[in-house]
Structure formats: structure tokens, C-alpha cells
Amino acid sequence: MIRATIEREYLTTAEVAEIFRTSAETVRYWRHIGKGPRSLKPGKRVLYAVEDVEAYQAELRGDAQAIQRGRNAPAGGGRYAA
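Going by the working numbering, the first residue of the sequence shown is number 97, and it counts up by one from there.
Honestly, the hints are just simulated from the structure, not real lab data. Worth double-checking, as some hints may not be accurate.
Said to hold, decoys possible - Cβ-Cβ distance ranges computed for the label pairs, FRET-style:
#1 GLN161 - GLU114: 17 to 27 Å
#2 TYR125 - ALA151: 31 to 41 Å
#3 ARG165 - GLU105: 31 to 41 Å
#4 PRO138 - ARG165: 38 to 48 Å
Think of the CB as a built atom: it goes at the ideal place given N, C-alpha and C, for glycine as much as any other residue.
Please construct the entire structure, taking both the sequences and the accompanying hints into account.
Shown next as C-alpha cells:
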């Protein structure tokens with residue numbers, strides 16, 4: 097019972113890669129440089145809590161929305177506008 101609960105709460109590197117439509121190697125690289133969702137390493141296995149993956153997705157969406165808002169800003173309203 098506990099194992100089934102843990103497996104639903106945590107994802108493997110391959111599962112995270114599938115969610116972000118990238119390779120497992122890319123997710124490993126993200127972990128190496130401190131990017132991507134938080135991970136934990138019980139023993140030799142790297143796992144990602146579902147809530148951390150969801151939080152990282154929300155963070156990415158927030159960045160994308162900020163970029164989109166910047167594109168929709170009125171022309172001439174830049175930083176150096178007179």
C-alpha cells in the first residue's frame with residue numbers, strides 16, 4: 097500500500113522528461129545546473145515529487161506569460177521613451 101502511494105506522489109526522470117517533451121538526458125542536465133523541478137535522491141534513484149513538477153510548470157507558465165505581456169506592450173512605451 098505504501099509503495100503504491102509513493103509511486104503516485106513521485107516521478108522518475110524519464111516520466112518528467114515525457115511531461116516536458118524532452119529527453120531524460122536534458123532533465124539530468126537541468127538537475128546538474130540547478131534548473132528544473134526539485135529532485136530528491138533516496139539511494140541511487142532520482143525522484144521528483146509531483147507537486148514540485150507542477151510548481152516548476154507554473155513557474156514556466158508565469159515566465160511565458162510575462163514574456164507575452166511584454167510583446168503586447170504598447171509601441172514606444174519602452175524603457176527609454178521620452
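Results for each hint:
Distance hint check for GLN161 and GLU114: the Cβ-Cβ separation is about 24 Å, which falls inside the suggested range of 17 to 27 Å. For TYR125 paired with ALA151, a C-beta distance near 20 Å fails the hint of 31 to 41 Å. Range check, ARG165 to GLU105: about 34 Å between beta-carbon atoms, so the 31 to 41 Å window is met. Separated by about 40 Å at the C-beta atoms, PRO138 and ARG165 satisfy the suggested range of 38 to 48 Å.
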